[in-house]
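Protein sequences, first through last, are from chains A and B.
Start counting the first sequence at 0; every next residue gets the next number (numbering that gives the first Met the number 0).
Start counting the second sequence at 0; every next residue gets the next number (numbering that gives the first Met the number 0).
No wet-lab data here; the hints were simulated from the structure.
If you're wondering where the values come from, they're calculated on a predicted model, not measured in any experiment.
We put the CB at the ideal spot given by N, CA and C, even for glycine.
Mixed in with the good hints there might be a few duds.
If you want the footprint, here are the derived chain B segments under chain A, 3+ residues with CB under 8 Å [unchecked claim]:
no.: 1; region: 19–27
no.: 2; region: 69–77
no.: 3; region: 106–116
no.: 4; region: 125–134
no.: 5; region: 178–190
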Amino acid sequence: MELRSNEPDKSIPIEQRWTKHKMAGKLVAPANRRKYEIIVVGSGLAGGAAAASLGELGYKVKCFCFQDSPRRAHSIAAQGGINAAKNYQNDGDSVYRLFYDTVKGGDFRAREANVYRLAELSVNIIDQCVAAGVPFAREYGGLLANRSFGGAQVSRTFYARGQTGQQLLLGAYQALERQVAAGTVEMITRSEMLDLVVVDGKARGIITRNLKTGEIEPHVADVVVLCTGGYGNVFFLSTNAMGSNCTAAWRAHRKGALFANPCYTQIHPTCIPRAGEYQGKLTLMSESLRNDGRVWVPRKKEDCGKPPEQIAEKDRYYYLEEKYPAFGNLVPRDVASRNAMYVCDEGLGVGPVVDGERRAVYLDFADAIKRLGEPIIRERYGNLFDMYERITGESPYKTPMRIYPATHYTMGGIWVDYNLMTTIPGLFAGGEANFSDHGANRLGASALMQGLADGYFVLPYTVGNYIGTEASKRIGQRTFPEIGTDHPEVQKTLKDVKERIKRLMSAPEPKYGPDYFHRELGKIIWTKCGMSRTKEGLEEALRQIPKLRAEFDKHLKITGTGEELNQTLEKAGRVEDFFELGQLMCIDALTREESCGGHFRAEHEEDGEAARDDDNFAFVSAWGYTGDTAKPELNKEPLTFDYVKPSKRSYK
Amino acid sequence: MSTFNITLHVWRQKSPTAQGKFEDYKVEADEHMSFLEMLDVVNEDLIEKGKEPIAFDHDCREGICGMCGMVINGEAHGPQKLTTTCQLHMRQFKNGPFDIWIEPFRAAGFPLVKDLVVDRSGFDRIIQAGGYISIRTGAPLDANATPIPKAVSDMAMDAAECIGCGACVAACPNASASLFTAAKITHLGLLPQGQAERPERARNMVTAMDNEGFGSCTNHGECESACPKGISVDFIARMNRDFVKASATAYDRAAKSDGD
Chain A
0 MELRSNEPDK SIPIEQRWTK HKMAGKLVAP ANRRKYEIIV VGSGLAGGAA
50 AASLGELGYK VKCFCFQDSP RRAHSIAAQG GINAAKNYQN DGDSVYRLFY
100 DTVKGGDFRA REANVYRLAE LSVNIIDQCV AAGVPFAREY GGLLANRSFG
150 GAQVSRTFYA RGQTGQQLLL GAYQALERQV AAGTVEMITR SEMLDLVVVD
200 GKARGIITRN LKTGEIEPHV ADVVVLCTGG YGNVFFLSTN AMGSNCTAAW
250 RAHRKGALFA NPCYTQIHPT CIPRAGEYQG KLTLMSESLR NDGRVWVPRK
300 KEDCGKPPEQ IAEKDRYYYL EEKYPAFGNL VPRDVASRNA MYVCDEGLGV
350 GPVVDGERRA VYLDFADAIK RLGEPIIRER YGNLFDMYER ITGESPYKTP
400 MRIYPATHYT MGGIWVDYNL MTTIPGLFAG GEANFSDHGA NRLGASALMQ
450 GLADGYFVLP YTVGNYIGTE ASKRIGQRTF PEIGTDHPEV QKTLKDVKER
500 IKRLMSAPEP KYGPDYFHRE LGKIIWTKCG MSRTKEGLEE ALRQIPKLRA
550 EFDKHLKITG TGEELNQTLE KAGRVEDFFE LGQLMCIDAL TREESCGGHF
600 RAEHEEDGEA ARDDDNFAFV SAWGYTGDTA KPELNKEPLT FDYVKPSKRS
650 YK
Chain B
0 MSTFNITLHV WRQKSPTAQG KFEDYKVEAD EHMSFLEMLD VVNEDLIEKG
50 KEPIAFDHDC REGICGMCGM VINGEAHGPQ KLTTTCQLHM RQFKNGPFDI
100 WIEPFRAAGF PLVKDLVVDR SGFDRIIQAG GYISIRTGAP LDANATPIPK
150 AVSDMAMDAA ECIGCGACVA ACPNASASLF TAAKITHLGL LPQGQAERPE
200 RARNMVTAMD NEGFGSCTNH GECESACPKG ISVDFIARMN RDFVKASATA
250 YDRAAKSDGD
């Protein structure tokens, strides 16, 4: 398939592309907008902002979320902040610099035009959010405060205490509820999209399961927008919410939407390690901790079970400080994560034994407390230390924290063009659900920025442009042929969904709930397609996944019925889709014979650092569904860099 | 690793109209488990035994999404202060009580769905009545055009931290949603951007709260002590002041007569 990015012509200077693109786009007159129905799936930053903005423009919008309220989407859990090229600090920031940092941070695997637009829109986001009442941190003079974040030499991160995601999401949620009150948006909660309806090659609706009653419901529309988040829960253990899943995206993929770069996943180095096998979720702690904490493990295996106070200074291995003298404990996320894994692989991990091994390293604040005093440390990290103590029962003021990396964000996602439209006309994808903007690695404080840029400022234009373009093709007729829920294609999709549920509920030899299989799948993906990947390991994973899948098909056990609230059934469907996505992730990782960003192939390194191969791999891998999940079709979108010249990352 | 035995008495109710009752489960708890992880273990076991697992709402498990919430031994979100159910850990029960009673948030405004799951959509409708600033997506002023004193902004943030879990309603003897409603009215009412709609906001949101079947505030203060985010009851006083002021001055009539 030929992939058309539909970005503005490269002869147009990059800073004018979005403006000219908008100008060239078609509009829909105000009186006509209410004739068009738009489905938005997901109510996080991207979905909530898109639904609110499209509703406000006058379109007839239906917005869906699986939680009991749109205010619960996982955007809410983002702690650190949101980047914007405001240059309020007069420290040399600019749209161009944010663009540059993001392309470089993404390890030269993102589309330049998309990234520039993101940087350009970042300033509008802050204006919009302040006007909507988001209480960003302020200085004593009453102006907005900023802090600095990894991957940048300027202070451009806006924040609201440690709850920036919460405040931004509530801003979008309030705008959304305002539209619900105005009657332009119908909000459908506790409802999960289980399939996409495609009629005559265009996305025309979705099939949902009402999670309260179990009813399978068809919804038709003229445009479908997926803002359904990332797929980090394929690892079972991640910092994602328990409900975060890939089902909507995956079902769209099965209906023809290409899936791009699934192997680009981000592992965050500072999470609270697992305390026991029963644990189903990890908690992230801000990376800022590495500013004052020193990372170490014992030098000798026999010391690993001892309390840290009993290990003499000379027996402590400060591995980041020794291996990376220039950056020390502040090496980038991927380097910090990988090295934690290496020392644990060597048997030097600390903390309780879980699943037969110790998987944690110390993050020690003793020196910082000695140097700065406890009050200063409390002021800087008090809330994080409290959170750590609440979860582990240990005080980081008295004993070193234990940390270990965990999956946190997925850069890969549904392939979209410059308009955020997928390869299915009429199907759009925004936020973490799409693959655009972050390349192979996302910089801190950029996820919130992308979600809101897509939702508030990109989708409202590009969805309108799609409708306007279709309308101009059929003057005097209906833009989109009228279809009802009785349309054969709707009914067929409905039937498929019902049959799938029936199949899930009637495994031949039911034995285990979906969590059992999810945990086992997660182990395969985490060890074989996690922080460090090898050809051998990936091939092994590709043999193990189908075997486990066969077990799942045979032994899945769901109690209760499909005609009521049934959380086991919900989970089972999501786990089934993670099987297929996990398989594609491994195939993608195996195909990409280089190391870049979040994708590290142990065979491709130089002096222990990731070795990117721009000659052979400067492209987006966009995978097509063929009916056989073991044999997806690879499509390549070549990437060219006219503004930011590819360079090597080194932190020694 | 230290484990101990507990007996759970969990409210089981198949549907809104079915008769509910407590059912007992014996569990070996690990002190490092979170309360919800302990329930996960119970549920996995129930599924393997062919029984229906306990339905409960949860999502982020980081204490921020507001989805989880149950009454544990008579207290919304359990015994630990400033902690949501998902952040509560079993070490809190290491020294007893070893009998743990788990019930849904019970309130007229929160109809039961199943087991421990309740319908909190009334909160969304209170927000719909005015819990926003009417600003269009597009070209607002530059973010720094209106300085806001840090103290004011900080107080707005104190109120904005509400996670909408509903513990305040569950803890209140009147099942009032005053703390939730007041938190939003205070957050937006403190900011310069929120002034234009301030009187209508207070009037409409308080009316919506009444219409949803939530009770009135009679100053028990149980809400603040159950709130996992420590939202202050002082905000209820601010809400009442805004509400009375809006009703007494009949802001919109006054605005109309201005033009006469």
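How the hints compare with the structure:
1. A stretch counts as covered by a chain when three or more of its residues have a beta carbon under 8 Å from one of that chain; for the region 19–27 of chain B and chain A the count is 0, and the coverage is violated.
2. Interface restraint, the region 69–77 of chain B with chain A: violated (0 residues with C-beta to C-beta distance below 8 Å; minimum three).
3. A count of 3 residues in the region 106–116 of chain B with a Cβ less than 8 Å from any Cβ of chain A is obtained; the coverage claim is therefore met, three being the minimum.
4. Coverage of the region 125–134 of chain B by chain A holds. Counting CB-CB distances below 8 Å, 8 residues qualify, and the rule asks for three or more.
5. With 3 residues having a beta carbon nearer than 8 Å to a beta carbon of chain A, the region 178–190 of chain B meets the requirement of three or more and the stated coverage holds.
The structure shown violates the earlier hints numbered 1, 2.
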